[in-house]
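Model the placement of chains B and C on the given structure of chain A, informed by the hints.
As given, the protein sequences belong to chains A, B and C, one line each in that order.
full-length UniProt numbering numbers the first residue of the first sequence as 1 and each following residue consecutively.
full-length UniProt numbering numbers the first residue of the second sequence as 1 and each following residue consecutively.
full-length UniProt numbering numbers the first residue of the third sequence as 1 and each following residue consecutively.
Heads up, some of the hints might be wrong.
If several chains are the same, the list does not tell them apart, and a pair holds so long as it fits within one copy or across any two.
[Claimed, not checked] Straight-line C-alpha distance at most 27 Å; calculated DSSO-like pairs for lysine-lysine: (1) Lys98 / Lys403; (2) Lys522 / Lys624; (3) Lys160 / Lys98; (4) Lys624 / Lys517; (5) Lys561 / Lys581; (6) Lys648 / Lys545; (7) Lys545 / Lys624; (8) Lys624 / Lys551.
Treat the hints as calculated values from the structure; they're not laboratory data.
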Amino acid sequence: MNRKLYHGACFYPELWDESVLEEDIRMMKETGINVVRIGEFAWSKMEPEEGEIDVGFFVNVIKKLYDNQIETVMCTPTPTPPIWLTHGHPERLHVNEKGETMGHGSRQHVCTNHPYFRERARLITEHIAKEIGGLPGLAGWQLDNEFKCHVTECMCETCKTLWHKWLKERYQSIDRLNEAWGTDIWSETYQRFDQVPQPGLTPFLHNSSLRTMYQLFSMEKIAEFACEQAAVIRSYSDAPITHNSSVMFGVNNEELFRGLDFASFDTYATQENSAAFLFNCDLWRNIKKGRAFWIMETSPSYSASLESYALPHENGYLKAEAVSSYALGGAAFCYWLWRQQRAGSEQPHGAVLSAWGEPDVGYRNVLEVERARKEIENIMLATVPVQAETAVVYSDRAKVLLKTEPHRRLHYRALITEFYERFLSLGIHRDVILEGSPLDGYKLLFTPFIHYLPPEFIEKASAFTENGGIWIAGPLTGGRTEHHTIHTDCGLGDLEKCAGVKTLFTYPMDERNTIGKAFGVKAPLSLWSAVFESGHAEAVGIIEKGAAPGKAFITEHKRGKGKIVMLGSMPAGEAGDIMLKKLISHYAEEAGVTQGTDATPGTIVAPRRGPDGIVWVVVNMDGKGGEVTLPEDGTDLISGERSANRLKLTPYEYRVIQFPK
Amino acid sequence: MNRKLYHGACFYPELWDESVLEEDIRMMKETGINVVRIGEFAWSKMEPEEGEIDVGFFVNVIKKLYDNQIETVMCTPTPTPPIWLTHGHPERLHVNEKGETMGHGSRQHVCTNHPYFRERARLITEHIAKEIGGLPGLAGWQLDNEFKCHVTECMCETCKTLWHKWLKERYQSIDRLNEAWGTDIWSETYQRFDQVPQPGLTPFLHNSSLRTMYQLFSMEKIAEFACEQAAVIRSYSDAPITHNSSVMFGVNNEELFRGLDFASFDTYATQENSAAFLFNCDLWRNIKKGRAFWIMETSPSYSASLESYALPHENGYLKAEAVSSYALGGAAFCYWLWRQQRAGSEQPHGAVLSAWGEPDVGYRNVLEVERARKEIENIMLATVPVQAETAVVYSDRAKVLLKTEPHRRLHYRALITEFYERFLSLGIHRDVILEGSPLDGYKLLFTPFIHYLPPEFIEKASAFTENGGIWIAGPLTGGRTEHHTIHTDCGLGDLEKCAGVKTLFTYPMDERNTIGKAFGVKAPLSLWSAVFESGHAEAVGIIEKGAAPGKAFITEHKRGKGKIVMLGSMPAGEAGDIMLKKLISHYAEEAGVTQGTDATPGTIVAPRRGPDGIVWVVVNMDGKGGEVTLPEDGTDLISGERSANRLKLTPYEYRVIQFPK
Amino acid sequence: MNRKLYHGACFYPELWDESVLEEDIRMMKETGINVVRIGEFAWSKMEPEEGEIDVGFFVNVIKKLYDNQIETVMCTPTPTPPIWLTHGHPERLHVNEKGETMGHGSRQHVCTNHPYFRERARLITEHIAKEIGGLPGLAGWQLDNEFKCHVTECMCETCKTLWHKWLKERYQSIDRLNEAWGTDIWSETYQRFDQVPQPGLTPFLHNSSLRTMYQLFSMEKIAEFACEQAAVIRSYSDAPITHNSSVMFGVNNEELFRGLDFASFDTYATQENSAAFLFNCDLWRNIKKGRAFWIMETSPSYSASLESYALPHENGYLKAEAVSSYALGGAAFCYWLWRQQRAGSEQPHGAVLSAWGEPDVGYRNVLEVERARKEIENIMLATVPVQAETAVVYSDRAKVLLKTEPHRRLHYRALITEFYERFLSLGIHRDVILEGSPLDGYKLLFTPFIHYLPPEFIEKASAFTENGGIWIAGPLTGGRTEHHTIHTDCGLGDLEKCAGVKTLFTYPMDERNTIGKAFGVKAPLSLWSAVFESGHAEAVGIIEKGAAPGKAFITEHKRGKGKIVMLGSMPAGEAGDIMLKKLISHYAEEAGVTQGTDATPGTIVAPRRGPDGIVWVVVNMDGKGGEVTLPEDGTDLISGERSANRLKLTPYEYRVIQFPK
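Next comes chain A alone, as it looks inside the complex (with noise of 0.2 Å):
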């Protein structure tokens, strides 16, 4: 798909009079726009009246865009069902966990396993892939928009129906998931499959297996529906499809994606919070490997709804942003939106142009965008980024694991950006991969908050280490099982007899009173953690004081040529960030990791490999500036000089630097 790099937009022609269309793609043009996304709240355009469906006005649309050399990425319109859909329906709206229903004038309100909605939504995909599907300036599909993100598990009588077959295809028996869920606690013991409640309103908690299977189930749900909605699309179009989804959606993105043909996500993080922007580069990259991601929806300068915003991007930034995503592997780059919407909950969301077509704040930042687009378009295209050494696993079941069971209100994306960002400020290349991944290639592995590992992965982690790997597992990893209970034979089942320790103790660390030492470095313990008796590991961190001084939190136990490492617990404050990044250090050099950049944090090194060896691009990110070394003399890509030790950056400034082979 690779065969341009993609500068685009959000496009809603449906919303505006024929004359604004014509001007629309005018100014597309001068701004270097070559692609759009179009028709995911279309619906009633399409189909006004149940039945009566007509996409000619999109066929048109796409036409004259491609005429002009804008290609165009078709949506299926399911998020947004018409009234008619729903209209004296009340059985068709999505239930929420206090079991009230939803209603029509907002996004996602139906119930997207209601039989009624799949019929229509198949009918209305089919009808558009058959008109759009052969189109020569299509580029893609996306499918619906942002599955779950207002939304997360439907609780309406459709879905309680199918939680039973779900559940009953899982177990096979009631006495299984009896046994697997301990329902002997609290009498909960259920007789036949349609007892089973739905996780509603009740006076305490529910029990945890429950909810983390009712979470699974809905996620399985959702990716069936895009499945299906797929397989519609197919029959009629060779473009290939995807999603645009999110590391804060109610989805399972491993699973959802192996139905889809290429990877895209949205991104409005603030320019503060930058390590999650990357995050989400180094992830999205992996998720269909190889293939290029896209980011189908950011912010040309700010975010809004009528009852929030973000604050502007400073100028320079939203370069900065555009030249790393394509240099972390991004096909594309995306605003959301082209021309303000004049109506409804968005209206004063930032977009291209404002509702009265003239550049918005943003606009300045936009033409930088397509300034360096092609400034680095051909290096890009002729080259691709380098595979990590390094790799943290991410998981949406993990997720909800955590969701579950969030100890003290912990937040699996907030913990794991955290933990990612100290790769980031170490200079160290990652790539963040899922738990399916093939961990070929890599010399260090990191499974933090993990709570459940399958035993799948624990194969072939372990596998791994026996090849020469270090495989870092925890905090929080291993503790749960499949069902989401505890083991009943050791503290972190399968995890544990690999990694040559006994758990003796897990327990929440009091990070006032609780001081590990490790690689020299003292700092408090926190978090919900695990203690060792080393065994056959080596007890590699010590607790000082707390409840149970004198044992392990951190252990290292040798396997094959590699090594299972175990963290216990999470080092806090700013001591126990040092410890942290000296842990990671200390293994990245003795797992042999050679990808490593010392540039002054906020700039980044993103490394690519083409037939002329490698190119680093280099970032500034902060707005600040920044320097790196170079490994050897190369030569800016750009400017055609030559370029030798130290590079420096001016705030938000990029470098492309290629090495001889």
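This is chains B and C only, laid out in the frame that chain A set:
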């Protein structure tokens, strides 16, 4: 109506034995209470069984009171329908925005639009009007009590039907509604009016037009109910009709009071927030212009319910409140309540007498008020408030739009009160007026925080500038249409055209990173802002740092003999306060505003005009004492002494100075 | 029952394989566990299908335990009805105050007043009592588990009917209810009992009487259920009956324990809040006076659920808790739980053994408890706690009234615990007693935060003062009637008359602006307060600054040989703390209270009496060590050595000192 200054109390004789009534009347006379308000919650006393109405008790009370020179404001008892009106009839009850049905046992639990409620309300009101409308002691009528103080829009089925009817009347065809609201966004498009939902639960935000229109619908309906009730009363009584309203409730006061005879409001502003008290006086004086307003309820010392309380006023403050309100146009200063409730949810609320019939903690202050009232009564009756040269527009519709679109928890009442406070602290005499108020006699006009400015207003304000007035529009003004959408011809619609500017961008200013300069002051800029290319206008305030450096945030544009000044952003922090005050002073001087004093902060001057010339009522509100320079020598109307030059006041002191013609 | 000191654990053999039972018993013996509590959540194990009851499993367990010298407290399993009891029967479920119906899957989801639940509860209890009531190892019974810990008042239809019946019984006629509640306020007036609502959703607050009465109704009903259940058990068993209650739950413990045989409570107070732990010991000793209480549940180290946790106790603290509770009148110190749950929502909760059968992090402390228990057992069995001279009244009805009327988020438990803490820190031995407790033997009586004082109490306390006692009433005491209304004869009703004062005002004190002086200390005054004209009494505390300067906030009045002291307000801040302690010390001295020590803060003395005279159990609770002066030379009963003068304790150390007769 201004035959006297009223000093009153809300009175609930129906809750006490007959013997208590005698004692109450004795104490009222001793205290100086010359008016009471009765009956607003007494429906079950008047009509204990459905259809068995008897208001003899109240007739008797009114007569007895009048025998003792105490007048009465009689209420309709509709805020608390008896149990027989709702028991077994959930369809008559108020439904909130979550779809929850309210029950009997508190107040405002019925849907005021339900036809059966309307019918019973009409009958009881007619009966009362007949029996009481001609009694000699009747000073006036109050409809209901604090409309929409506990509830906002009702979501019941009755309201749904009326909503559809209202929409049909407003928009004629569903196509026009769809077009006006931009419902093609998110496929909200309606096929028929009966499909348009009430703004209940949805996964994300409702369309802005829907939410704003539903609020306006609700406000119209409550004004309609008031009108209906007033018409019933007028068939039997000549006494003037009011309602005890507030800027805090879900009503459009401009619309509501159009159908009533005089203005009254309730205020429980704490002493710290005396600006809110004064704001109210300056506003309600203009709601029924030329006719004195009533403070129908205020606390003699502190307000309280079972779950909250305000702290008692300092001794002395009550008198300052009373005198300033009389001076600013009040005819009555009435307490809630005469005798502390012995039961119910307001039993802890402070009163003139305790539940056991003794003077309550605020009683000494009530006596001070009475002394003051007597001292100033003749002066007040002989003079009227001077119209201000400076007007600030208050708009309940603006409140609605800001509720729909609060950006970041913006709150209209807090914004406008804080804006208003600057006129107070600058010593500028001001009127707070309504959108529909005439602008005759004003020199300086402010319209802050009014998302939608109707064309009639723009026309009127435009004419005002032609005639020499200066109109300062903004911040947050003019950027939305009648339907709560964005203009598509230019950023601020017709306002922009009048102002001779071009709106480049509207976006949220980041006060941490944005600096504007105007009137020689540099200040951070904040809030949702509009940035201008000055065009025909002159740039007066320039952005020095931020997303749009070099662009204007304040412009001025000559029109005829006057000017339109655009204030596109909100200067923030201490420097912003200084900038805003400089702006006000600058244009006040330019407009020839003369009504200024140098009163020290916390001391106010209320100018009045009478046959003998100008009278200043000077009041220290903050308990710290204060000073003001007199424009010329005057006579202290209370002491009879000559006052010259600098007038000094002790804490909470008031002075009344007559200047020669 | 005090044949031994119990060291126990809550035990769930039904959740584990048979083999685990053997291992558990072995470990219990090794650990020193001599009693277990079982069965409270095991209904589905006992009656897996409706009507098929079999408790053979538990009979077997109890026998096996007893074979190993471990006694059992058997529970009725009613907190967690099986799925068959509620599936398809929403009318049997608990409905909360928002009208939301709770579902199966957690605990306390049924309405305990539903006749079908009552019937099934009776049947299962009868079956258990028959089978288990005569077993030799049976130490006692526990009814249900933590009544009303997760839910408060039920709002279901069953409860509505019972509520009407209850009201009819209490008030006889609807007129009397209307009069008592003052329902003519807000036209709440009821025509018939069946119209009186449950306190569900309303636009504003409910009538105080309604809310208070509904809570009392709910508390009576749960006590009634307990009584019913106890009666069933008593038909088959002589073992004493208790319930594991708490001051945190929606029960009236005084009423509840009237029908039970011994007192027990659960506590998870954190180490920082050891005052709450001691408060409980001082209270529950007096709930079934003369009979030792049980701590039925406490955490061996930390408590936790899926969504929260407490931090682990410091090593050493558990022993201090155990010893102090035995010394203060406890017969048993039991953990929740023996073996960590492998599943469900409490799986992270700390236990004696982990889910994989190993000693958990608190195990070393459990062993310390067992060593201490053995050391002190004979001494404890030979002595009993000394009754205090000072009593503080705890009232669950006061809790109810303060819940209805919290003024500003006041919280009864927090208020009373903080008040109690001052006695601790002054080293005064104290009893926490109930409203109905006899006052014989006391010299000093405190009744703070009791809005309503019943006439029987006033009479009893009055007689107590006649006989020489000093009664300090207040703050927040006496101002409400039985029906939660205000007195109309005087501010504090009969209390006021006894106290020889006249209440001038009641109002909220503003601690920023109010200063009171008493006992030579000036301090801010706070909380809802009563201000007095001293009348026959003597003004002891005078308001120096505030709304009522010169008036009294503390008065004392001689009655017979004693005094009534009115404390009208709450001294605040550090100075207030000093004032309050001076007040306590002053009246303690005047009353001739002799039971004082100079123990350093964090160290407590529990005096006991035996055949050989007085024994002091001295315990350091705060881990900082401490000291106390001995009144005379004594013998250390553990070491056998002589102890004289100043006793010093190391962190968490305890000492037992025998003084000669």
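A quick look at each hint next to the structure:
1. Taking identical chains as interchangeable, the C-alpha atoms of Lys98 and Lys403 lie at most 27 Å apart whether they share a chain (17 Å) or sit on different chains (25 Å).
2. Taking identical chains as interchangeable, the C-alpha atoms of Lys522 and Lys624 lie at most 27 Å apart only when they sit on different chains, with a minimum of 24 Å there against 32 Å within one chain.
3. With identical chains, the CA atoms of Lys160 and Lys98 are at most 27 Å apart both within one copy (14 Å) and between copies (23 Å).
4. In this homomeric assembly, Lys624 and Lys517 come within 27 Å of each other (Cα to Cα) only across copies, at 25 Å, whereas the closest approach inside a single copy is 35 Å.
5. Within a single copy, Lys561 and Lys581 get their C-alpha atoms as close as 23 Å, which meets the 27 Å cut-off; across copies the closest is 70 Å, which misses it.
6. For the homomeric pair Lys648 and Lys545, the shortest alpha-carbon distance between copies (25 Å) is at most 27 Å, but the shortest distance inside one copy (45 Å) is not.
7. When the C-alpha separation of Lys545 and Lys624 is checked against a cutoff of 27 Å, the pair qualifies only between copies, where the shortest distance is 16 Å, while the shortest distance within a copy is 41 Å.
8. In this assembly of identical chains, the alpha carbons of Lys624 and Lys551 lie at most 27 Å apart only when taken from different copies (24 Å versus 44 Å within one copy).
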